[in-house]
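**Q** Chain by chain, the residues run as shown.
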Amino acid sequence: MASPTPRPFSLLAEVTHRCPLHCPYCSNPTELAKPDTELRTDEWKRVLAEAADLGVLHVGFSGGEPLQRPDLAQLIAAARAAGLYSNLITSALGLNQGRAQELKEAGLDSVQISFQSDLAPEADALAGVSAHARKLEAAHLVCQLGFPLSVNVVLHRGNLDRLDQIIRLAESLGAERLELANAQYYGWAFRNRASLLPTRGQVEQATQVALAAKKRLYGKMEILFVVPDYFSDRPKPCMNGWGNRFLTVNPAGTVLPCPTASEIKGMRFENVRDHPLAWIWKESESFNRFRGTDWMPDPCRSCEFREIDWGGCRCQAALLTGDAALTDPVCKLSPHRHIIDRALAAEGASGGALVARQNAFGATY
Amino acid sequence: MTSEAIPPEARPRLSRRARVQTDKVTGKPVLLYPEGVLLLNPTGHEIVKLCSGDATFEEIVTSLAGRYNLPAPKIAAEVSEYLERLRARNLLDLLPQPSDGGEDRRTA
Numbered sequence: 000m001a002s003p004t005p006r007p008f009s010l011l012a013e014v015t016h017r018c019p020l021h022c023p024y025c026s027n028p029t030e031l032a033k034p035d036t037e038l039r040t041d042e043w044k045r046v047l048a049e050a051a052d053l054g055v056l057h058v059g060f061s062g063g064e065p066l067q068r069p070d071l072a073q074l075i076a077a078a079r080a081a082g083l084y085s086n087l088i089t090s091a092l093g094l095n096q097g098r099a100q101e102l103k104e105a106g107l108d109s110v111q112i113s114f115q116s117d118l119a120p121e122a123d124a125l126a127g128v129s130a131h132a133r134k135l136e137a138a139h140l141v142c143q144l145g146f147p148l149s150v151n152v153v154l155h156r157g158n159l160d161r162l163d164q165i166i167r168l169a170e171s172l173g174a175e176r177l178e179l180a181n182a183q184y185y186g187w188a189f190r191n192r193a194s195l196l197p198t199r200g201q202v203e204q205a206t207q208v209a210l211a212a213k214k215r216l217y218g219k220m221e222i223l224f225v226v227p228d229y230f231s232d233r234p235k236p237c238m239n240g241w242g243n244r245f246l247t248v249n250p251a252g253t254v255l256p257c258p259t260a261s262e263i264k265g266m267r268f269e270n271v272r273d274h275p276l277a278w279i280w281k282e283s284e285s286f287n288r289f290r291g292t293d294w295m296p297d298p299c300r301s302c303e304f305r306e307i308d309w310g311g312c313r314c315q316a317a318l319l320t321g322d323a324a325l326t327d328p329v330c331k332l333s334p335h336r337h338i339i340d341r342a343l344a345a346e347g348a349s350g351g352a353l354v355a356r357q358n359a360f361g362a363t364y
Numbered sequence: 000m001t002s003e004a005i006p007p008e009a010r011p012r013l014s015r016r017a018r019v020q021t022d023k024v025t026g027k028p029v030l031l032y033p034e035g036v037l038l039l040n041p042t043g044h045e046i047v048k049l050c051s052g053d054a055t056f057e058e059i060v061t062s063l064a065g066r067y068n069l070p071a072p073k074i075a076a077e078v079s080e081y082l083e084r085l086r087a088r089n090l091l092d093l094l095p096q097p098s099d100g101g102e103d104r105r106t107a
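Sequence order for the protein chains is A and B.
Under numbering that gives the first Met the number 0, the first residue of the first sequence is numbered 0, with each subsequent residue one higher.
Under numbering that gives the first Met the number 0, the first residue of the second sequence is numbered 0, with each subsequent residue one higher.
This is chain A alone, in the form it adopts within the complex:
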């Protein structure tokens, strides 16, 4: 590497893969970390301190459902002590008054709650559990306690036509930010792609709705909406480059350049139980494998956008072409773009019943 190792700014702490929900587009890998492999409290505290020393400023406590960890408040307090800004990324199941108060006192900075729809029956059907009403209650609680609230909704064929109502739900809850996250087709969502993938018409309509809402709510609620990558002819700048700004530590302590990277076959990722986090970030083979631009094949190597989109997503290249070192097939310059076009050509066709995420080892709630 000619250039110095970049500095990470943000850590995604996946403290458990246990989750009471069964969303068919879950972004967790299909091979979930077992509860008995999870990092202990003291191990997470060390990871948080090492991350802060490495330059990380920001930690998202995620999962699975992070509230499944009884020691979450201790981890948040450790993050605060290390000077990290902390965000809880939650389904809100398990976020009662006592728990929310405990997290507030521990120094939690903000809360992001996921919603599946604006309609309870549809939301509960997707989650596979009666969750919507409890989420509404938790959102009110979060605001009452003075946390800034973000709402996250995964968008797909089944709810994209209700985007306007979904935006109004977030507004009515007092959310200060709304992430409209188009489903990304890895792991569970890839299994269900034929049923989740929207039509081009839906995407175009939703883009207009999102733009109008952005304008209407400017300065009141920030809205994030990005056209789903399959419908774009340029790849997303995934993680802003491999090993560039972000790192994920999964429940078992494996350190990943992106949350889904563990699904890339043939790659080995290091664990915080074996190495200091700084070594993994700077020296490990896995973090250096796709760092920068030296690894790039054509057409990326000579592309003027190579330091803008970084060749797109390594996980998507691996999943769709079988080789993580190829250009993301979303790119119109990729020799594999036809794989995406073939998926799009089946637009609107029934993909059969959605396969719910299975929680083999259950969750308490």
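Note that these hints are calculated values from the structure, not bench results.
Quick caveat, the model's predicted, so the values are computed rather than measured.
Among these hints, one or two may not hold up.
Unchecked claim - Example chain A residues on the side facing chain B (calculated, C-beta under 7 Å, incomplete):
no., residue
1, 54
2, 175
3, 221
4, 224
We put the beta carbon where it would ideally sit given N, CA and C, even for glycine.
Guided by the hints, dock chain B onto chain A, whose structure is given.
**A** Showing chain B alone in chain A's frame:
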């Protein structure tokens, strides 16, 4: 994203979503918020410090114009541009005239 310009009598206040602290690595000020980080340059830091909800936009401009000995319209344009960057991320509350007891849109 287009928006109405910040009125001179509005009192900008940094959102409770944001926290300013010193970066351990560089020793420089950073603004942290739920989804990201802004590295503050010295001017940006000065502007953010004045966004306490006490001073009006006009007063902030006057104060900075005096400190940097630059014409107010030039400073106004720069402050406005900077504050719009914060507003676009919903990191800035614009409080109305001071006579209302300091309530903002969330408690109004």
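**Q** Using 7 Å as the Cβ threshold, decide whether residue 221/A counts as touching chain B.
**A** 4 Å, holds
**Q** Taking the closest Cβ pair, is residue 175/A under 7 Å from chain B?
**A** 5 Å, holds
**Q** Holds or violated: is the Cβ of residue 54/A closer than 7 Å to a Cβ in chain B?
**A** Since chain B brings a Cβ to about 5 Å from residue 54/A, closer than 7 Å, the hint holds.
**Q** Under the criterion of a CB-CB separation shorter than 7 Å, is residue 224/A in contact with chain B as hinted?
**A** 12 Å, violated
Comparing the model with each numbered hint stated earlier shows that hint 4 is the single one that does not hold.
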